[in-house]
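*Asks:* Sequence:
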Amino acid sequence: MMAVAAAQKNREMFAIKKSYSIENGYPSRRRSLVDDARFESLVVKQTKQTVLEEARTKANDASLEECILQAKGEHVPAEQQIDLQNAENVEIPADLEVNDEQDFIEDNETYFHAEDNSSAQEGHNNTEQSNNNSDDAGLTEDEIVLANAASESAEAENAMQSAALVVRLKEGISSLGRILKAIETFHGAVQHVESRQSREQGVEHDVLIKLDMTRGNLLQLIRSLRQSGSFSSINLLAENNISVKAPWFPKHASELDNCNHLMTKYEPDLDMNHPGFADKVYRQRRKEIAEIAFAYKYGDPIPYITYTDVEVKTWRSVFRTVLDLAPKHACAEYRAAFKKLQDEKIFVDERLPQLQEMSDFLRKNTGFTLRPAAGLLTARDFLASLAFRIFQSTQYVRHVKSPYHTPEPDTIHELLGHMPLLADPSFAQFSQEIGLASLGASDEEIEKLSTIYWFTVEFGLCKEHGEVKAYGAGLLSSYGELLHAISDKCEHRAFEPASTAVQPYQDQEYQPIYYVADSFEDAKEKFRRWVSTMSRPFEVRFNPHTERVEILDSVEKLDTLVHQMNTEILHLTNAIAKLRRPF
Numbered sequence: 001m002m003a004v005a006a007a008q009k010n011r012e013m014f015a016i017k018k019s020y021s022i023e024n025g026y027p028s029r030r031r032s033l034v035d036d037a038r039f040e041s042l043v044v045k046q047t048k049q050t051v052l053e054e055a056r057t058k059a060n061d062a063s064l065e066e067c068i069l070q071a072k073g074e075h076v077p078a079e080q081q082i083d084l085q086n087a088e089n090v091e092i093p094a095d096l097e098v099n100d101e102q103d104f105i106e107d108n109e110t111y112f113h114a115e116d117n118s119s120a121q122e123g124h125n126n127t128e129q130s131n132n133n134s135d136d137a138g139l140t141e142d143e144i145v146l147a148n149a150a151s152e153s154a155e156a157e158n159a160m161q162s163a164a165l166v167v168r169l170k171e172g173i174s175s176l177g178r179i180l181k182a183i184e185t186f187h188g189a190v191q192h193v194e195s196r197q198s199r200e201q202g203v204e205h206d207v208l209i210k211l212d213m214t215r216g217n218l219l220q221l222i223r224s225l226r227q228s229g230s231f232s233s234i235n236l237l238a239e240n241n242i243s244v245k246a247p248w249f250p251k252h253a254s255e256l257d258n259c260n261h262l263m264t265k266y267e268p269d270l271d272m273n274h275p276g277f278a279d280k281v282y283r284q285r286r287k288e289i290a291e292i293a294f295a296y297k298y299g300d301p302i303p304y305i306t307y308t309d310v311e312v313k314t315w316r317s318v319f320r321t322v323l324d325l326a327p328k329h330a331c332a333e334y335r336a337a338f339k340k341l342q343d344e345k346i347f348v349d350e351r352l353p354q355l356q357e358m359s360d361f362l363r364k365n366t367g368f369t370l371r372p373a374a375g376l377l378t379a380r381d382f383l384a385s386l387a388f389r390i391f392q393s394t395q396y397v398r399h400v401k402s403p404y405h406t407p408e409p410d411t412i413h414e415l416l417g418h419m420p421l422l423a424d425p426s427f428a429q430f431s432q433e434i435g436l437a438s439l440g441a442s443d444e445e446i447e448k449l450s451t452i453y454w455f456t457v458e459f460g461l462c463k464e465h466g467e468v469k470a471y472g473a474g475l476l477s478s479y480g481e482l483l484h485a486i487s488d489k490c491e492h493r494a495f496e497p498a499s500t501a502v503q504p505y506q507d508q509e510y511q512p513i514y515y516v517a518d519s520f521e522d523a524k525e526k527f528r529r530w531v532s533t534m535s536r537p538f539e540v541r542f543n544p545h546t547e548r549v550e551i552l553d554s555v556e557k558l559d560t561l562v563h564q565m566n567t568e569i570l571h572l573t574n575a576i577a578k579l580r581r582p583f
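Heads up: the sequence shown begins at 1 in this note's numbering, then just goes up one per residue.
Just so you know, these hints were derived from the structure itself, not from any lab. There may be inaccurate statements among the hints.
Claimed, not checked - With a straight-line cut-off of 35 Å between C-alpha atoms, the simulated DSBU-like cross-links for lysine-lysine are: (1) 463 / 340; (2) 345 / 328; (3) 524 / 463; (4) 328 / 463; (5) 297 / 328; (6) 287 / 401; (7) 280 / 345; (8) 251 / 364; (9) 364 / 578; (10) 287 / 364; (11) 340 / 287; (12) 339 / 287; (13) 401 / 339; (14) 251 / 287; (15) 297 / 339; (16) 340 / 489; (17) 170 / 210; (18) 524 / 578; (19) 364 / 280; (20) 489 / 328; (21) 313 / 340; (22) 280 / 251; (23) 251 / 313; (24) 328 / 280; (25) 345 / 313; (26) 280 / 297.
Claimed, not checked - Simulated restraints, written as ranges between beta carbons of each label pair: (27) 357 / 425: 35 to 43 Å; (28) 505 / 201: 27 to 35 Å; (29) 425 / 509: 28 to 36 Å; (30) 342 / 560: 51 to 59 Å; (31) 580 / 344: 31 to 39 Å; (32) 254 / 201: 52 to 60 Å; (33) 573 / 496: 31 to 39 Å; (34) 429 / 538: 16 to 24 Å; (35) 404 / 425: 42 to 50 Å; (36) 488 / 344: 35 to 43 Å; (37) 573 / 306: 49 to 57 Å; (38) 546 / 502: 34 to 42 Å; (39) 279 / 152: 20 to 28 Å.
Note that the structure is predicted; figures quoted are calculated from it, not measured. Note that the Cβ used here is the ideal one computed from N, Cα and C, for glycine as well.
Input sequences plus hints: build the corresponding full structure.
*Replies:* Below is the structure:
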């Protein structure tokens, strides 16, 4: 009980982080991973300005000022502070290229296009505060990311940062010398300088400066430059995205404790169309089971749920329906795993399986495990768990009034729909690869991955001996849509990730379109080729021995991986040679 109480307190404290609810504007009647991803993006955009303002306020604290003055473990001496207004012009080094013509605009359109389309309000604030010679003219989003990275440790603060500064000069190109002098004072190395006539009224030139400098010194340089009235604005464009701009994602299975953000749309407490909306007993039961999931931490045994007679009755009804339909309409991999679960007395009609026994079964067969979820997770958090071969599963049961349909995932959907195929090695690998692709992906790419997940893992079809069979969990746990999907009332298309990822779908009625894979192996190969086109600037791999995701961003890591692969290839070669030997 103490754990449940602590979980409730924690949930209330972080309510905004754990819930994108109807009160925040999410339409209650829609439910899917794709909509989750789109809504997450919307919420992030709406709250971004608030986050930036809070960070700017904190940036004025004396403690932060002291922190970012450090560079390479040393304070910048007071006598080296720069009076930019009175600094002498510095001759531009001969090896730095300075352009003023159209070539400059074309070559650097990426930098200046991003700068020209930044928030108008933010630009106004920067200009106004610069003119007032304030101590801190406000941090941009890139600078906040940089400041957060620098604050992690002394080593992080002193790490070298490749960056580009876009400075708008109000007093002509002669002001460039003051900037170069400031960079020299803060121990920076200038790699490239270019300029153009500015398109902004009241500004003579825009200057792009690429440089290398420690993070702490770079932040202090920007603050110092903003104290001058010679510059209309100074904006940072960070370049080495892996260490500065990449979004956080879990690196170890234990960090999934931080990936339990819920989409609280279409819950029995919130929507009158939910089958359990008027059932107080059912709503209380849902809350109790949800709090058990919130209290769960990595490494804990999965809590045992004592299911009621009504819940067992609901399970039995759906279970017997699947028993009738699966032999004819489910794919061979599903049928084989289903039989294993029956043989081990996990799938029986007189009781619901417990997540712990199901997790143990999956671990033995494919290395997948389960962890309890309180409800419908956000798309990013749910997909991230798959990267670790962990499936986040609910433990509550759908309302007895609607045994053959549920507006949200419940344990019957998870058990009968997802678990059998997670016990198949090929399907388990495909699921993990979707999860790995989601780590560090952009919001737009999360939407596409969610759509692929929708049309494969949830509503996928595959060919088997010339016939179309179901492997999607949403089909195998919903007999009405299963029969619709294999009928001539819908359209079947070949699975191609590029087109599947952008296909509109229907989540309130049966799908008009389903995608058919030739096989799981074919689907995996096509998916791998598509993932290679994603914009993520790094690759990741899962280390099963440490349960850790590794970013392949150094020669040392690649050497280790190549060594491991060579060892595996040696074992494979030896095995083939031994099989070819005559008896």
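*Asks:* Against this structure, judge whether each hint is valid.
*Replies:* Comparing the hints with the structure gives:
1. Under the criterion of a C-alpha separation no larger than 35 Å, the hint pairing residue 463 with residue 340 is consistent with the structure, at around 23 Å.
2. Only pairs whose Cα atoms come within 35 Å are accepted, and residue 345 paired with residue 328 is accepted, the gap being roughly 22 Å.
3. About 15 Å separates the Cα atoms of residue 524 and residue 463, which keeps this hinted pair within 35 Å; it holds.
4. Note on residue 328 and residue 463: the hinted pairing holds, with a Cα-Cα distance of about 13 Å set against a maximum of 35 Å.
5. For the hint pairing residue 297 with residue 328, the CA-to-CA distance comes to about 40 Å; that exceeds 35 Å, so the pair is violated.
6. Distance restraint check for residue 287 and residue 401: the Cα-Cα separation of roughly 19 Å lies within the 35 Å cut-off, and the hinted pair is therefore satisfied.
7. Simply put, residue 280 and residue 345 have alpha-carbon atoms about 34 Å apart, close enough for the 35 Å limit, and the pair holds.
8. Between residue 251 and residue 364, the direct Cα distance comes to roughly 24 Å. Compliance with the 35 Å bound is thereby established for this hinted pair.
9. Distance check on the hinted pair: residue 364 and residue 578 sit about 27 Å apart at the alpha-carbon level, within 35 Å; holds.
10. Restraint check for residue 287 and residue 364: satisfied, since their Cα atoms lie roughly 32 Å apart, inside the 35 Å limit.
11. Among the hinted pairs, residue 340 with residue 287 is consistent with the structure: their alpha-carbon atoms are about 33 Å apart, no more than 35 Å.
12. Only pairs whose Cα atoms come within 35 Å are accepted, and residue 339 paired with residue 287 is accepted, the gap being roughly 33 Å.
13. With a C-alpha separation of about 29 Å, the suggested pair residue 401 and residue 339 falls inside the 35 Å cut-off, and the hint holds.
14. Distance hint between residue 251 and residue 287 is fulfilled; the C-alpha atoms sit about 30 Å from each other, no more than 35 Å.
15. A hinted pair counts as satisfied when its Cα atoms are at most 35 Å apart, and residue 297 with residue 339 qualifies at roughly 32 Å.
16. Of the supplied pair hints, the one linking residue 340 and residue 489 holds, its CA atoms being roughly 33 Å apart against a limit of 35 Å.
17. For the hint linking residue 170 to residue 210, the alpha-carbon distance of about 20 Å falls within 35 Å, and the restraint holds.
18. For a cut-off of 35 Å, the pair hint linking residue 524 to residue 578 stands: about 30 Å separates their Cα positions.
19. A threshold of 35 Å between alpha carbons decides the hint, and for residue 364 with residue 280 the separation of about 40 Å lies outside it, so the pair is violated.
20. A threshold of 35 Å between alpha carbons decides the hint, and for residue 489 with residue 328 the separation of about 19 Å falls inside it, so the pair holds.
21. Only pairs whose Cα atoms come within 35 Å are accepted, and residue 313 paired with residue 340 is accepted, the gap being roughly 23 Å.
22. In summary, the hint linking residue 280 to residue 251 is not supported, as the alpha carbons are separated by about 40 Å, beyond the 35 Å threshold.
23. Using a Cα cut-off of 35 Å, the hinted pair residue 251 and residue 313 is violated, with the two alpha carbons roughly 41 Å apart.
24. A C-alpha spacing of about 39 Å is found between residue 328 and residue 280, which places the hinted pair above 35 Å, so the restraint is violated.
25. Our distance criterion of 35 Å between C-alpha atoms is met by residue 345 and residue 313, whose separation comes to about 18 Å.
26. This hinted pair checks out: residue 280 and residue 297 have alpha carbons roughly 29 Å apart, not beyond 35 Å.
27. Evaluation of the 35 to 43 Å hint for residue 357 and residue 425 yields a failure: the beta carbon distance comes to about 20 Å.
28. Range check, residue 505 to residue 201: Cβ separation about 47 Å, and the 27 to 35 Å hint is violated.
29. For the hinted restraint 28 to 36 Å between residue 425 and residue 509, the CB-CB distance of approximately 34 Å keeps it satisfied.
30. Here the CB-CB span from residue 342 to residue 560 is close to 42 Å, at odds with the stated 51 to 59 Å.
31. Evaluation of the 31 to 39 Å hint for residue 580 and residue 344 yields a pass: the beta carbon distance comes to about 37 Å.
32. Between residue 254 and residue 201 the beta carbons are some 54 Å apart, a value that agrees with the proposed interval 52 to 60 Å.
33. For residue 573 paired with residue 496, a C-beta distance near 35 Å keeps the hint of 31 to 39 Å intact.
34. Separated by about 21 Å at the C-beta atoms, residue 429 and residue 538 satisfy the suggested range of 16 to 24 Å.
35. The given range of 42 to 50 Å is broken by residue 404 and residue 425, whose C-beta atoms sit roughly 31 Å from each other.
36. A hinted range of 35 to 43 Å holds for the C-beta pair residue 488 and residue 344, which are about 38 Å apart.
37. In this structure the supplied range 49 to 57 Å holds for residue 573 paired with residue 306, their Cβ-Cβ distance being about 53 Å.
38. The beta-carbon spacing between residue 546 and residue 502, approximately 36 Å, falls within the hinted interval of 34 to 42 Å.
39. Checked against the hint of 20 to 28 Å, the pair residue 279 and residue 152 fails, with Cβ atoms roughly 48 Å apart.
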